[in-house]
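Undergrad: So you can see what is in the structure, the chains are spelled out below.
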Amino acid sequence: MNSLTLLNVAAVALRVNLLRSILTMLGIIIGVAAVIIMLALGAGARYDVDQQIKSLGGNVFVVFARGRFMGGAREASGSSQGLTEMDALAIEQQIPQVNVAAPTLRASGQLIYGNLNWAPEIHGVDNRIYAAQSWQVVEGRTFSDTELNTAARVAVIGQTVKRELFGAGDALGQTVRVNKMPVTIIGVLNSKGQNTQGNDQDDLIFMPLDTVRKRIAGMTLSSPKAIRAIIVQVEDERDMADVEQQMDSLLRQRLRSSDSEPPFRIRNLSEMIATRSETMQIFNGLLAAVASVSLLVGGIGIMNIMLVSVTERTREIGLRMAVGAEPKVIMKQFLIEAVLLCGLGGAIGLALAVAVSLSLQYFAGFTAIIELYVVLMSVGFSCLIGIFFGYYPATKAAGLQPIDALRYE
Amino acid sequence: MATAVIATRALEKHYQMGGQHLRALKGIDVSIAAGEFVAVMGPSGSGKSTFMNLLGCLDSPSLGQILLQGEDVTTLSAAQLARVRNKYIGFVFQQFNLLPRTTALDNVMLPLLYSTTPKHQAISRATECLQLVGLAQRMDHHPSQLSGGQQQRVAIARALVNQPALLLADEPTGALDTETGLEIMQLFQQLHQQGKTIVLVTHEPDIAAFASRQLMFRDGELIGDKGSQPQSAAAALQHFRQQRLAETAT
Chain A
3 MNSLTLLNVA AVALRVNLLR SILTMLGIII GVAAVIIMLA LGAGARYDVD QQIKSLGGNV
63 FVVFARGRFM GGAREASGSS QGLTEMDALA IEQQIPQVNV AAPTLRASGQ LIYGNLNWAP
123 EIHGVDNRIY AAQSWQVVEG RTFSDTELNT AARVAVIGQT VKRELFGAGD ALGQTVRVNK
183 MPVTIIGVLN SKGQNTQGND QDDLIFMPLD TVRKRIAGMT LSSPKAIRAI IVQVEDERDM
243 ADVEQQMDSL LRQRLRSSDS EPPFRIRNLS EMIATRSETM QIFNGLLAAV ASVSLLVGGI
303 GIMNIMLVSV TERTREIGLR MAVGAEPKVI MKQFLIEAVL LCGLGGAIGL ALAVAVSLSL
363 QYFAGFTAII ELYVVLMSVG FSCLIGIFFG YYPATKAAGL QPIDALRYE
Chain B
35 MATAVIATRA LEKHYQMGGQ HLRALKGIDV SIAAGEFVAV MGPSGSGKST FMNLLGCLDS
95 PSLGQILLQG EDVTTLSAAQ LARVRNKYIG FVFQQFNLLP RTTALDNVML PLLYSTTPKH
155 QAISRATECL QLVGLAQRMD HHPSQLSGGQ QQRVAIARAL VNQPALLLAD EPTGALDTET
215 GLEIMQLFQQ LHQQGKTIVL VTHEPDIAAF ASRQLMFRDG ELIGDKGSQP QSAAAALQHF
275 RQQRLAETAT
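Protein chains in written order, with our numbering: chain A, 3 to 411; chain B, 35 to 284.
A hint or two may mislead.
What the hints assert, rightly or not - Short derived list, chain A residues pointing at chain B, Cβ under 7 Å:
hint: 1; residue: Val18
hint: 2; residue: Leu20
hint: 3; residue: Ala324
Hints in this document: simulated from the structure, not taken from any laboratory. Here a beta-carbon is modelled for each residue, glycine too, at the ideal position from N, C-alpha and C.
The task is simple: from the sequences and hints, build the whole structure.
TA: What follows is the structure, encoded as structure tokens:
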């Protein structure tokens, strides 16, 4: 008797007790559906968090110029200029995993428009800053090459600055004074809201690097191309450690530094990512626990019904043995029945999970992502449950003596 | 003497029941030749059912030997016994033991599922056997759609489908009314005339009289073994029907 015939026999046996088969499968159906839905919502939540962290810059390094020791007194970070625009260019060009490396300067100052004033963060940037920090210009435009090269008096402002100085009015083309210098607004950034520390990310103004360097900072700069920081965006978060190492050696080489304390400092948001993955692990652990409990209960249901089925069909087993079924064939028949129950239950549970996930996504606004491995794992696992919980009843059936089984009332 | 279909030598079966040692069979020597129609008789507890189970290779003896077509089947494993039953023995039971919600044809095919017979051959042989027992028109019926007599005919077809050397029937008329029982006995006599070897267990002397040889058991011992000219079941059936007709007329 080959396995195909046995499969057929098992299918007939399940069809004969259709209602009972469906009720038995229900445990597995609900278990598998619950597992898949929870994992889908978990994956969706993870995706959402990833997107959020990406928008905050989870794949971003900031390289600061470090304050140097000057006769024993240590200057503030970034006050002594070691880094230049060339270093930013070198990072971008020589480290393949780096998307973009944007040089920046910072200055402080007061913005005055009409009778209003405001003091945002003033950043000297070039056009790479938009890619490096995922900014979009929602009104107006970015700097032109001429503006960048000629230290033009133009600025792109954040939403908070726009609100504080212009209210609901139009900001584009207006002139504000920055430390008494008139500057024309040519663009407005999109809104990012608060970061995880509660700081307003929209409270800033971008101006060309040279404009800040020459016209606002009043800094005494050690080099005409000096910058304060480089914002480095990496293509793939997983390359962060590698990129950090490459940047470190590249910058040490370029700045001719062999000290234990180089004249720069590399910072990133890896702490945040570490926290995220820790939270996710706890979350996934909980899901796995709930999942295994529901599948366990389903599996016990299968064993229960299979035991009832063996008892109820004792005479049938006796007859099959009398007409020539070997014990191992009987065993196989009941195992296949259990696996078929669980496999079918798993498949139906999967279909249910897909339906529920999709409706949750459309009607309740959840992000649900069903990954292929989850599908394969849950259906495969439910078949394993069938083997595991079907084994004992099948052994019981195979161990029956044909005469006792035939006489069973 | 030609090789017997089945022979027993000093066959004993012992049971352990509630600490008590029970000798259900006490040294039985019987040889059944091809083409015989044997009735095994005796009151309940006489050991006739135990004897039947041993002949059917459903159980192993405690002592002694069973030779099936000259081969010793005494010490075979459960799996080997299953193959022997599948190949050489056909069973008919008192309670028919058909699979519910399964067509007559599939019921008859059941023993062939456990052999290496190809499916198309299994179907043609099962069809032949159903024709032989007169149920060619009811192959697609489920047991619940058949009368008791028809169900027993399906069971007989199932017992014949593997062309067994030995047909074993355990009280085949026990669950049937007299008339249907006689019809079934008529069928067994027809099979006997076609050369089948049949062993039939019964406690009714009337039924045993249709066989050509009677074995009497009492307290685990064989106390009688006689051959006789079998009565005709067809004649008995005719007589029964005439009598009933006469009763309804009066």
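Undergrad: Now tell me if each hint is right for this structure.
TA: Hint check results:
1. Val18: Since the shortest Cβ distance to chain B is 5 Å, the answer is holds.
2. Leu20: Given a least distance of 10 Å, the restraint on Leu20 of chain A is violated.
3. Ala324: holds (5 Å)
When the structure is compared with the earlier hints, a violation turns up for hint 2 alone.
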